[in-house]
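Chemist: Line by line, the protein sequences give chains A and B. Under the working numbering, the residues of the first sequence are numbered 1 to 361, in order. Under the working numbering, the residues of the second sequence are numbered 1 to 129, in order.
None of these hints come from the bench; they were simulated from the model. Worth double-checking, as some hints may not be accurate.
Stated by the list, open to error - What the simulated footprint calls covered on chain A by chain B, stretch by stretch (three residues with Cβ under 8 Å from a Cβ of chain B suffice, anywhere in the stretch; the number is not a length): (1) 21-32; (2) 291-299.
To be verified - Here chain A is said to cover these stretches of chain B; the calculated rule only asks that three of the stretch's residues, wherever they fall, bring their Cβ under 8 Å from a Cβ of chain A: (3) 63-74; (4) 98-110.
Claimed, not checked - From the structure, some residues in chain A lie toward chain B, with a derived Cβ separation under 7 Å: (5) Ala316; (6) Pro317; (7) Thr320.
Computed from a prediction, not measured in an experiment: that's the story for all the values here. We put the CB at the ideal spot given by N, CA and C, even for glycine.
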Amino acid sequence: MSRPTPLRDIHQDLGATLTDFAGWLMPLRYGSESAEHNAVRTAAGLFDLSHMGEIFVTGPQAGEALDYALVGHLSALAPGRARYTMIVNERGGVLDDLIVYRLGDEEFMVVANASNYPMVAVELAERAKPYDAVVEDRSEQWALIAVQGPRAQEILATLTDADLEGLKYYAGLPGVVDGREALIARTGYTGEDGFELFVANADATPLWHAITAAGAPYGLLPAGLSSRDTLRLEAGMPLYGNELNAELTPFDAGLGRVVKFDKPGDFVGRAALEPLKDIPPGRRLVGLVARGRRVPRHGYPVTHDGAVVGEVTSGAPSQTLGKPIALAYVDTGVSEDLAVDIRGSHEAVDLVALPFYRRNK
Amino acid sequence: MSNIPDDLSYTKEHEWVAGLDDGRTVTVGITAFAAEALGDVVYVQLPEMGATVATGDSIGEVESTKSVSEIYAPVSGEVVEVNQSVVDTPDLVNNDPYGEGWMFRVRLDSDPEDLLSAEEYTALTSGDS
Chain A
1 MSRPTPLRDI HQDLGATLTD FAGWLMPLRY GSESAEHNAV RTAAGLFDLS HMGEIFVTGP
61 QAGEALDYAL VGHLSALAPG RARYTMIVNE RGGVLDDLIV YRLGDEEFMV VANASNYPMV
121 AVELAERAKP YDAVVEDRSE QWALIAVQGP RAQEILATLT DADLEGLKYY AGLPGVVDGR
181 EALIARTGYT GEDGFELFVA NADATPLWHA ITAAGAPYGL LPAGLSSRDT LRLEAGMPLY
241 GNELNAELTP FDAGLGRVVK FDKPGDFVGR AALEPLKDIP PGRRLVGLVA RGRRVPRHGY
301 PVTHDGAVVG EVTSGAPSQT LGKPIALAYV DTGVSEDLAV DIRGSHEAVD LVALPFYRRN
361 K
Chain B
1 MSNIPDDLSY TKEHEWVAGL DDGRTVTVGI TAFAAEALGD VVYVQLPEMG ATVATGDSIG
61 EVESTKSVSE IYAPVSGEVV EVNQSVVDTP DLVNNDPYGE GWMFRVRLDS DPEDLLSAEE
121 YTALTSGDS
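Model the full assembly from the supplied sequences, consistent with the hints where possible.
Modeler: Laid out in structure tokens, this is it:
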């Protein structure tokens, strides 16, 4: 049985198509996923992301513990700011990609993927043992609601006095939204401006209703995981399990920049990753745009002159480009005359620079 | 609950067949239930005009944002017409699955077998949903 989020009744009332995702019963779409995708690109979308994990690390050495446990330099993060980072194993393989929010001098919140957070919580607790820091998985107590899109700030501003205008990208601050305490973060996974609101489970339903009502005049739609996936794909953002896994290092994924070798002290994975930083990987993550209309999908081989030179990790029809797009690992040095083997037929694709979509700022 | 018109026949693969009553040429599409399960259809590949198809053959595909499904021939015969509109405008499959979203017509070369009535198809889909 899939676990419901605190917003399950709302999803059912809205007639959502529900799906199991990482053991959670989640809305796949409410109506047309294309309409939801376009709403986020042009107006706003409202997402239930309560399946994500929230792990708190607190104490005088919380920052040092995270510096050791993760590849980033979290003790250098200013309170109120957030950072995209990763947890890797001793071999440098990616166990999860994370966003870490520094809530105070001695308080951090690590947001992990639904499929991974129980493991991440265990790993963090183990790695933090030598430090004066406490690791606590509070995922069960927190709901997460995201408002994403160019109208997100206007919509949220009708419900809070918090300084949204002054809130930078990858920053978060405690505030009150519709009379409920929330951590308001300017983060997301759609390629648009937007906010993520961490609230107590009991506040999730009334907050959802309040945002729905406030957003209606702006064209806000509830949006499911299907549109979330096509939005993040257009934005060239990796999905754990597709572009990232424990057999790949951050360098393999083209995300070596998140590994901070210049931070003080050792960290898990340093010895394995250090020699890799100047060596180009055998395959690199690239963007592909199909010339035809058939969609390259996860696991399909990428070919060059009939020989397999890579594999698609994610693919979908792109609303914004009007063509199918894909992320794929492709052998270094091969960039032309590429095709994807779509159920036996080799369909031409062009390699393009990522992201596929970048919003106008 | 999906719309399942009484006057059509159906297959377990969620196709509908129309026109069995009045002759030897039938029209085929996919059901509203299938269209809803797929989500927004973005690509339809149909059999070629003149192709000879046999019941159960995979003769095309319907692709949506999240998935791809094969179209199986619900009857045996020759494909005598394909709906180019649904190839050009795949969302017809979502918006009007039993009307403008029809897919192809087949001139039968034998009597259809194992088609489901609306009642039987309703029973089949109420179990899945």
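Chemist: Now, for every hint given, state plainly whether the structure supports it.
Modeler: Verification of the supplied hints:
no. : hint    : in the structure
1   : 21-32   : holds (count 3)
2   : 291-299 : holds (count 4)
3   : 63-74   : holds (count 4)
4   : 98-110  : violated (count 0)
5   : Ala316  : holds, 6 Å
6   : Pro317  : holds, 4 Å
7   : Thr320  : violated, 13 Å
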